[in-house]
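**Q** If you read the sequences in order, they're chains A and B.
Note that this note's numbering gives residue 269 to position 267 of the first sequence, counting from 1, and the numbers run on in steps of one.
Note that this note's numbering gives residue 62 to position 34 of the second sequence, counting from 1, and the numbers run on in steps of one.
Think of the hints as simulated: they come from the structure by calculation, not from any bench.
Even glycine gets a Cβ: it sits at the ideal position worked out from N, Cα and C.
Among the clues, some could well be false.
To be verified - Calculated Cβ distances over 12 angstroms to all of chain A for the following chain B residues:
1) VAL84
2) VAL120
3) LYS440
Unchecked claim - Derived CB-CB ranges, DEER-like:
4) A:GLN229 - B:PHE300: 26 to 32 angstroms
5) B:MET226 - A:GLY338: 28 to 34 angstroms
6) B:LYS392 - A:SER102: 47 to 53 angstroms
7) B:ILE210 - A:PRO225: 28 to 34 angstroms
8) A:SER102 - B:TYR64: 33 to 39 angstroms
9) B:ILE497 - A:GLY238: 17 to 23 angstroms
10) B:ILE482 - A:VAL360: 30 to 36 angstroms
11) A:SER37 - B:ASP115: 38 to 44 angstroms
Below are the chains, spelled out letter by letter.
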Amino acid sequence: MSEDKGKISRRNFFKGAAMGVLGGTALGMGLFSYSPWRKSYFPDVKRKLADIGACKSIKVTNISETSWFDNAVLMGDIKGAGGLLVNQYSYNWPPFGDGSGLGKGSYEKGIAKIKHLLPNNLEEAWAITEKLSVSPQNAGGFAALIEIEEMDGRKRKFLLDSGWSYKWMDESFKREGIDQMLKNKEIEALFISHEHFDHYWGVPVTYKYDPTITTYIPDGFYPEGLQYLQDAGHKGKVIKIKPGLNPMIPGLATFVFAVPIICRVYGEQAIYANVKDLGLVSITGCCHFGIIQFSETAFREIKYEKDNLYGIYGGLHISPFEDWDPKYDDLVLSLGKYGFQKIGCNHCTGLMCAKKFVEAGYPVVKGTARHRTKETNYLGNGDKIGYGIEV
Amino acid sequence: MERYGTGYLEERKLVKRWPQPIPAIVALVLTLAVFYATWWIFQDPRGWMRMYTPYVGYMYTRWWLIMLIWMVYIFNYWPFKRKWLEDTHPVVKGAVLTVISVVILWVLIKGFFESLLGNYGIAYFNPGNLLKLPGMTEFFALEYASLACLMFAAIASWLSPAWVVACEEVPWQNLNQPGKGISILVATFFLSTLIFFMTMHSHMGILYYPWQYFTSIAPPYWEKFANTVSGNFHVSWIMCCTVTVWIVETIWERFPFKLIRTNWLRRVVAFFGIIAIAWAMHLFLYFAQELTWGPAIRGTRLINAPDWRWLHVGEMAVFFLVPALFITFYCGNWPKRFSLPVNVLVRTLITISAAILLYIFYYKTSHDYLGTQKGFMHEQQFPMIPTIWLINIWLVHHWFMDNWPGWKMVPKTAEEIAADHAAEKAKLAEVRWDPALGWGLGAGAVCGVAIYFITLSVLPWVYQNITVIK
Ligand SMILES: [Fe+2]
Ligand SMILES: [Fe+2]
Numbered sequence: 003m004s005e006d007k008g009k010i011s012r013r014n015f016f017k018g019a020a021m022g023v024l025g026g027t028a029l030g031m032g033l034f035s036y037s038p039w040r041k042s043y044f045p046d047v048k049r050k051l052a053d054i055g056a057c058k059s060i061k062v063t064n065i066s067e068t069s070w071f072d073n074a075v076l077m078g079d080i081k082g083a084g085g086l087l088v089n090q091y092s093y094n095w096p097p098f099g100d101g102s103g104l105g106k107g108s109y110e111k112g113i114a115k116i117k118h119l120l121p122n123n124l125e126e127a128w129a130i131t132e133k134l135s136v137s138p139q140n141a142g143g144f145a146a147l148i149e150i151e152e153m154d155g156r157k158r159k160f161l162l163d164s165g166w167s168y169k170w171m172d173e174s175f176k177r178e179g180i181d182q183m184l185k186n187k188e189i190e191a192l193f194i195s196h197e198h199f200d201h202y203w204g205v206p207v208t209y210k211y212d213p214t215i216t217t218y219i220p221d222g223f224y225p226e227g228l229q230y231l232q233d234a235g236h237k238g239k240v241i242k243i244k245p246g247l248n249p250m251i252p253g254l255a256t257f258v259f260a261v262p263i264i265c266r267v268y269g270e271q272a273i274y275a276n277v278k279d280l281g282l283v284s285i286t287g288c289c290h291f292g293i294i295q296f297s298e299t300a301f302r303e304i305k306y307e308k309d310n311l312y313g314i315y316g317g318l319h320i321s322p323f324e325d326w327d328p329k330y331d332d333l334v335l336s337l338g339k340y341g342f343q344k345i346g347c348n349h350c351t352g353l354m355c356a357k358k359f360v361e362a363g364y365p366v367v368k369g370t371a372r373h374r375t376k377e378t379n380y381l382g383n384g385d386k387i388g389y390g391i392e393v
Numbered sequence: 029m030e031r032y033g034t035g036y037l038e039e040r041k042l043v044k045r046w047p048q049p050i051p052a053i054v055a056l057v058l059t060l061a062v063f064y065a066t067w068w069i070f071q072d073p074r075g076w077m078r079m080y081t082p083y084v085g086y087m088y089t090r091w092w093l094i095m096l097i098w099m100v101y102i103f104n105y106w107p108f109k110r111k112w113l114e115d116t117h118p119v120v121k122g123a124v125l126t127v128i129s130v131v132i133l134w135v136l137i138k139g140f141f142e143s144l145l146g147n148y149g150i151a152y153f154n155p156g157n158l159l160k161l162p163g164m165t166e167f168f169a170l171e172y173a174s175l176a177c178l179m180f181a182a183i184a185s186w187l188s189p190a191w192v193v194a195c196e197e198v199p200w201q202n203l204n205q206p207g208k209g210i211s212i213l214v215a216t217f218f219l220s221t222l223i224f225f226m227t228m229h230s231h232m233g234i235l236y237y238p239w240q241y242f243t244s245i246a247p248p249y250w251e252k253f254a255n256t257v258s259g260n261f262h263v264s265w266i267m268c269c270t271v272t273v274w275i276v277e278t279i280w281e282r283f284p285f286k287l288i289r290t291n292w293l294r295r296v297v298a299f300f301g302i303i304a305i306a307w308a309m310h311l312f313l314y315f316a317q318e319l320t321w322g323p324a325i326r327g328t329r330l331i332n333a334p335d336w337r338w339l340h341v342g343e344m345a346v347f348f349l350v351p352a353l354f355i356t357f358y359c360g361n362w363p364k365r366f367s368l369p370v371n372v373l374v375r376t377l378i379t380i381s382a383a384i385l386l387y388i389f390y391y392k393t394s395h396d397y398l399g400t401q402k403g404f405m406h407e408q409q410f411p412m413i414p415t416i417w418l419i420n421i422w423l424v425h426h427w428f429m430d431n432w433p434g435w436k437m438v439p440k441t442a443e444e445i446a447a448d449h450a451a452e453k454a455k456l457a458e459v460r461w462d463p464a465l466g467w468g469l470g471a472g473a474v475c476g477v478a479i480y481f482i483t484l485s486v487l488p489w490v491y492q493n494i495t496v497i498k
């Protein structure tokens, strides 16, 4: 009898306990999880303060920021090919057109048509691809020249990206004298920010003038992209950079982020420059990881002058297709807190976003809207910006 | 009188053709095969129709889920007669009902949202009207309209089943179909519209330049609390509500609410209790991300951005729904041999463990076969699309096809139904107040709180020691 009773109450105890566990856990979840007390669980930010050295000044020349000329045409192609997750090599965009039409291409079939002409006969290669590709007239590209002045006055040059259209990029290189600098081996290295068509597919234009230039790529290139380096006629060193900080020369470092990116691209590399007495300058190609992430990363990883975030140059990947999302407003609203003093934005920042920056009173350096750049809120094609130096 | 499918799901007996686990494995393999084939046809960015643009496919996936809920939970399979449901071969039934669900899906999107609302009410539901904005491209006109539409779907996917599960169809429970279905549909659609305006409309209102101050609250009222102006904050808790409704309906068998004997009180407590549990989940899953990836930083993109974190709460929540449905649909809601609360607790623990494994498995492997890219965060990738797509296929298989071929449907006899009701009564009667139960409750609650805090300390360590993405 008493044994029986013990059994029953044990069963009841477990019933209650089961309910209690569920209830207690839910209570903790509901009451504590978003309370201010939760912050005691966050570890203090440990700053690594890596020393990347300092430079006297840095100057950026916008060779081209117009990656495509008509946004509606580009988005029409993306829509027709199946949206933002489709592999970029299958679009049948130049230079990998094979004549089979939108969304049906591949790297192998495309490169086969022009490979024999790279990198020396780009005119003919482009003429061929114009016939076989989708929207060849729409291709432009992103590329920038970085000139850094070391503390002892020595000047050094680097190229960030090589654009997209062979034709447009060759014209742009000639306009800014990049072709001569490459021929004279004045430019030390080419940094490829990421594998996107508008930054990378024009790489034979650089190799046409200097096939041996050392090329830095971020880790995460797909096999097609790696193959293209060889097919484009590159004869120099290729250095693949792992995610994280990569100091280059005093005052200049690159940083690679392991991020998945639309159109099936992975990983992006961007540049930090530490300018004496001024602070940190961020130079980005597309900035898919976000400019505030880039600044926060700098805060955690490196030491820079006056602990000050000074300048920005480049595409900020906010609304690359002139699209919008309330989260972009989060960025516009937050950027002010970081205190940048000189912002030169263009490319995938989005004209709408640049306009919102100007309205928010941020120090956006105006451009001249020449060479097919659309508005002066962008630091346009052929424009220059200096940090620690007047241009 | 014709009952259509009223009570069909409770009154059907699914008889296993083979001993477990064979039927469960057969069901899993079959549904995964259908999942993969249909994924390739409709969604895959490398596939045929490539609807994963992403928003277009996202919208159809979510609304299709609601079509299934409407047909089965709200309309009880009306206008299909009970005899047809019982006698037709599951494959034929599955095909006919699926086609119908797709037809109403299409009529709803194109007819109701795009044409009616989008032309005579709110422009942002119609891509054609958005296209008139300066600088708008066709692609984004379609994406934005789909976004508005799918945000509506998130709300409907919570409220439509909640009216049946929590409110027990009140006050129309005794009405015949289609009167009952129409009444519940109108009521839940009305509520969804209200919630849409209070949660998502402001998101849409600041999607265009300049902010639409005159029609929506801008910046949205939740900005300070949520640390973002994005409506993802609401997507998060609303998805948690959807998941909680289905957890309560499946592995919890409407426990603990069904312990309340007063009808009105039970219904009210159930409706708001589901919201309360969902909010606990909503806040906890956000905190869990802070513990693993660090505090969110407003203005960043992707993994550190508050808007993405909120969205990811909803995504994680759906990972919990997948094993819960599997346990109920294909494992006979195992286990059943303990008391109701213990059964519920055991199923919950299994669900949580399975969900964590599924989450890790998904992020480790999905990029190898879904045509997506590796990474937790991506600007345009939403794991809710494949998970809900799979759930839709399971709902079709379980509701329309009686788990064919692993199971055979036999209508229960009157005696069996009576026995079910008696067993249910006994199960409830067994859970009643008793000092031992009280002691258990107290001890359990203390343990529950302890489990919560232990989880908080263990999470960062677990995250550091498991490499999900290389
Ligand atoms: Fe770009
Ligand atoms: Fe890019």
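**Q** Which of the numbered hints above does this structure break?
**A** Failing hints, ascending: 1, 4, 6, 7, 8, 9, 10 and 11.
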